[in-house]
Amino acid sequence: MRPAAVVGTGQTHHAAKRLDVSMAGLCREAIDRAMADAGVDWPDIDAVVLGKAPDLFEGVMMPELFLADALGAVGKPLLRVHTAGSVGGSTGNVAASLVQSGVHDRVLAVAFEKQSESNAMWALSVPTPFTMPVHAGAGGYFAPHVRAYIRRAGAPEHVGAMVAAKDRRNGSLNPYAHLKQPDITVESVRASTMLWDPIRYDETCPSSDGACAVVISAEPTSSRAAWIRATAMRTEPTTFAGRDQVNPQAGRDAARALWQQAGITDPLSEVDAAEIYVPFSWFEPMWLENLGFTDVGQGWKLTEAGETEIGGRLPVNPSGGVLSSNPIGASGLLRFAEAAMQVMGTAGDHQVDGARVALGHAYGGGSQFFAMWVVGSERP
Amino acid sequence: MTRPLSAPLDVGFDYTRSTGPTLGRFLSDLRRRKVTGIRGSDGRVHVPPLEYDPVTAERLSEFVDVAATGVVRGWSWIPEPLEGQPLDRPFAWALIQLDGSDTSLLHAVDAGTPDQMATGTRVRVRWRDERVGAITDIECFELSDGPAADPVEADDVTMVTTPVNLHYTHSASPTEDPFLRGLMDGRLIAQRCPACSKVYFPPRPACPTDGVPTTEQIELSDRGTITTFCVVNVPFLGQRIPPPYVSAYVLLDGADIPFLHLLLGVAPEDVRMGMRVEAVWKPREEWGPTMRNIDHFKPSGEPDASFDSYSQHL
Chain R
1 MRPAAVVGTG QTHHAAKRLD VSMAGLCREA IDRAMADAGV DWPDIDAVVL GKAPDLFEGV
61 MMPELFLADA LGAVGKPLLR VHTAGSVGGS TGNVAASLVQ SGVHDRVLAV AFEKQSESNA
121 MWALSVPTPF TMPVHAGAGG YFAPHVRAYI RRAGAPEHVG AMVAAKDRRN GSLNPYAHLK
181 QPDITVESVR ASTMLWDPIR YDETCPSSDG ACAVVISAEP TSSRAAWIRA TAMRTEPTTF
241 AGRDQVNPQA GRDAARALWQ QAGITDPLSE VDAAEIYVPF SWFEPMWLEN LGFTDVGQGW
301 KLTEAGETEI GGRLPVNPSG GVLSSNPIGA SGLLRFAEAA MQVMGTAGDH QVDGARVALG
361 HAYGGGSQFF AMWVVGSERP
Chain C
1 MTRPLSAPLD VGFDYTRSTG PTLGRFLSDL RRRKVTGIRG SDGRVHVPPL EYDPVTAERL
61 SEFVDVAATG VVRGWSWIPE PLEGQPLDRP FAWALIQLDG SDTSLLHAVD AGTPDQMATG
121 TRVRVRWRDE RVGAITDIEC FELSDGPAAD PVEADDVTMV TTPVNLHYTH SASPTEDPFL
181 RGLMDGRLIA QRCPACSKVY FPPRPACPTD GVPTTEQIEL SDRGTITTFC VVNVPFLGQR
241 IPPPYVSAYV LLDGADIPFL HLLLGVAPED VRMGMRVEAV WKPREEWGPT MRNIDHFKPS
301 GEPDASFDSY SQHL
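Residue numbers (the UniProt record's numbering), protein chains in the order written: chain R, 1 to 380; chain C, 1 to 314.
Keep in mind that the hints were calculated from the coordinates and are not lab data. Honestly, I wouldn't trust all of these hints.
To be verified - Listed next, with one range per pair, are the computed distances between beta-carbon atoms:
| # | chain 1 | residue 1 | chain 2 | residue 2 | range |
| --- | --- | --- | --- | --- | --- |
| 1 | C | 3 | R | 154 | 50 to 60 angstroms |
| 2 | R | 75 | C | 114 | 49 to 59 angstroms |
| 3 | R | 75 | C | 84 | 32 to 42 angstroms |
| 4 | C | 63 | R | 261 | 50 to 60 angstroms |
| 5 | C | 217 | R | 297 | 16 to 26 angstroms |
| 6 | R | 222 | C | 59 | 22 to 32 angstroms |
| 7 | R | 306 | C | 136 | 18 to 28 angstroms |
| 8 | C | 63 | R | 158 | 29 to 39 angstroms |
| 9 | R | 349 | C | 194 | 52 to 62 angstroms |
| 10 | C | 181 | R | 188 | 48 to 58 angstroms |
| 11 | R | 127 | C | 216 | 26 to 36 angstroms |
| 12 | C | 171 | R | 349 | 51 to 61 angstroms |
To be verified - Calculated lysine to any residue pairs in the SDA-like style (CA-CA distance at most 25 angstroms, straight line):
| # | chain 1 | residue 1 | chain 2 | residue 2 |
| --- | --- | --- | --- | --- |
| 13 | R | 76 | R | 36 |
| 14 | C | 34 | C | 189 |
| 15 | R | 76 | C | 102 |
| 16 | C | 298 | R | 128 |
| 17 | C | 298 | R | 194 |
| 18 | C | 282 | R | 133 |
| 19 | C | 198 | R | 240 |
| 20 | R | 17 | C | 8 |
| 21 | R | 17 | C | 238 |
| 22 | R | 17 | C | 134 |
| 23 | R | 180 | R | 39 |
| 24 | C | 282 | R | 135 |
A virtual CB, placed ideally from N, CA and C, is assigned to each residue, including glycine.
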């Protein structure tokens, strides 16, 4: 496997409703920025990989077909990736594999969601015949598992609010973030409405329109590059007897494979910044444990100690994360791109000083699809 | 084997589309009884206009007025129109190259009978009286070599609504079927995996862990333990139960996997993990093949189950 690097990243200004652009225009806003960042033009791109979440979210079957012109894919291979909410991450990994394998020299990865065209809560709660209609979107799905985490870890109730306040403050440093709340506090989060007890309004990701794109290349196209040191994806069924929904096996397995491939033995010491898929605040400590940054039951202590703030031992979601912008299909690729930006030194006001190794992480479905990569500033 | 139970499943949503500048111009002009194309890098005029060039991928911006008259380049006869199609009588789907354009537009031709249709036939737009800025502002094309109606003034369009409605027949699996028929008699039927001995309720066609069919049927009682839960306070489109309500994972005694159901008879703030519950059934005359026969679960009054007894089911 030959080395591959992220040589350019781009994203849209994320917002609840980007009514000024079509789906094609939304994608191009991110693509044009990524290609300018990489200093490449359309003839330099060999293939395009597109990711987005379920088609019911926009009601367009196979949008990759009508988007081919806008994605610059005419006359080139165009692949669609589909792994629910983790799809942005999987899209990055698929694009990376096309370069690492030597199939293509430069690949454009794009992911998007235009949530304003539909209603994801509706799309995730279609009442199937013969069943009890108690489903209530993603929040309703994950809230019981958050409760189980709090109970198992013995975590104090304010930790979730700490995550939310931190990520929203970080989002205020990110010019592309949907939510910018520099004045948010743990107290104001705790005072916000309880939506799906134990998840509060301010602990919930927004619904965003947005897109993200990265250019992955076998050779650098400028003086900056984020070298892909490892990629991993794992899957498990939504439900089975004895399934651990708090700390899923697939996530643990993916992380183990990832660190091994990257040559990392002590992630907490060796990783300088992490962009982790946290759509509901409590998933920060849950995934810190699942990823092996801490022992089981200890993740919340890292958060509570302030170590996941910018300037802490492991800054988590310096971009503001999913809690600040959630164009679902793009959210995973945004994590991957933001990790690359950290090691390329292009993260601007949310740059972690001296970041040389960073994690991008995404999960999807009922915590059953996991995709992650480690990028570094050093050529392997 | 009897045919598994099935039931209709209708899924519908009025999707909105922000058109962007290019399709927005096209749709706004349709409202004005005008057809607009766009010139590509190779000089071809595309109708409908493309936002990005299919050759260079660059943004296109040179709009071109084309005629509302044109010629049929290919067609297919639809003897029995379906729901949602442009006409409720037999018609032709046709690829129509409008005068002044280099590409073909797909639309309906109200030709009456197929022998009226031929490649090369001249057609013109029949405009809808009430135009909203949508492709359906062209009601259809009609056979004519005369000019189309003149343009009129109208406001710009930046958003369109496209209702999508899907009608499914949802069928239970052969494994689910005896479970559902059991519910009609007030019985809770589970199945045990022959490999790992885990008891699945509802039963599955195969054990997700071992991949083997689960054949041994077991009847469970209607008592169990709340493993975990959430309180749904948020209203949303299509919601069937008015919030707030407690959506709880119930682990029936003897089962190895919990399922989601409704918990009532206790204030949401008093619900606990480990709470013991029992089913409250609807009146027997309301029973059908559905978990909704259990109206809800309520606390049974037994002492809470120990955490260890359900910790492997979280």
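So, going through the hints one by one against the coordinates:
1. 3/C with 154/R: 50 to 60 angstroms: This hint holds: roughly 52 angstroms between Cβ atoms.
2. 75/R with 114/C: 49 to 59 angstroms: 37 angstroms, violated
3. 75/R with 84/C: 32 to 42 angstroms: At 34 angstroms between Cβs, range holds.
4. 63/C with 261/R: 50 to 60 angstroms: 52 angstroms, holds
5. 217/C with 297/R: 16 to 26 angstroms: Since residue 217/C and residue 297/R have Cβ atoms about 39 angstroms apart, the given range 16 to 26 angstroms is violated.
6. 222/R with 59/C: 22 to 32 angstroms: With a Cβ separation near 24 angstroms, residue 222/R and residue 59/C satisfy 22 to 32 angstroms, so the hint holds.
7. 306/R with 136/C: 18 to 28 angstroms: 58 angstroms, violated
8. 63/C with 158/R: 29 to 39 angstroms: Violated - the Cβ-Cβ distance for residue 63/C and residue 158/R, about 57 angstroms, lies outside 29 to 39 angstroms.
9. 349/R with 194/C: 52 to 62 angstroms: At roughly 59 angstroms between Cβ atoms, residue 194/C and residue 349/R fall inside 52 to 62 angstroms, so the hint holds.
10. 181/C with 188/R: 48 to 58 angstroms: This hint holds: roughly 53 angstroms between Cβ atoms.
11. 127/R with 216/C: 26 to 36 angstroms: The hint (26 to 36 angstroms, Cβ to Cβ) holds, given that residue 127/R and residue 216/C are roughly 31 angstroms apart.
12. 171/C with 349/R: 51 to 61 angstroms: 55 angstroms, holds
13. 76/R with 36/R: 20 angstroms, holds
14. 34/C with 189/C: 64 angstroms, violated
15. 76/R with 102/C: 24 angstroms, holds
16. 298/C with 128/R: Status holds; Cα separation ~24 angstroms.
17. 298/C with 194/R: Holds - the C-alpha atoms of residue 194/R and residue 298/C are around 23 angstroms apart, at most 25 angstroms.
18. 282/C with 133/R: Distance of about 15 angstroms is within 25 angstroms: holds.
19. 198/C with 240/R: 9 angstroms, holds
20. 17/R with 8/C: 33 angstroms, violated
21. 17/R with 238/C: Satisfied, since the Cα-Cα distance of roughly 22 angstroms is no more than 25 angstroms.
22. 17/R with 134/C: 21 angstroms, holds
23. 180/R with 39/R: Answer violated: residue 180/R to residue 39/R is near 30 angstroms, above 25 angstroms.
24. 282/C with 135/R: Cα-Cα ~20 angstroms, so holds.
Violated hints, in rising order: 2, 5, 7, 8, 14, 20 and 23; the structure is consistent with all others.
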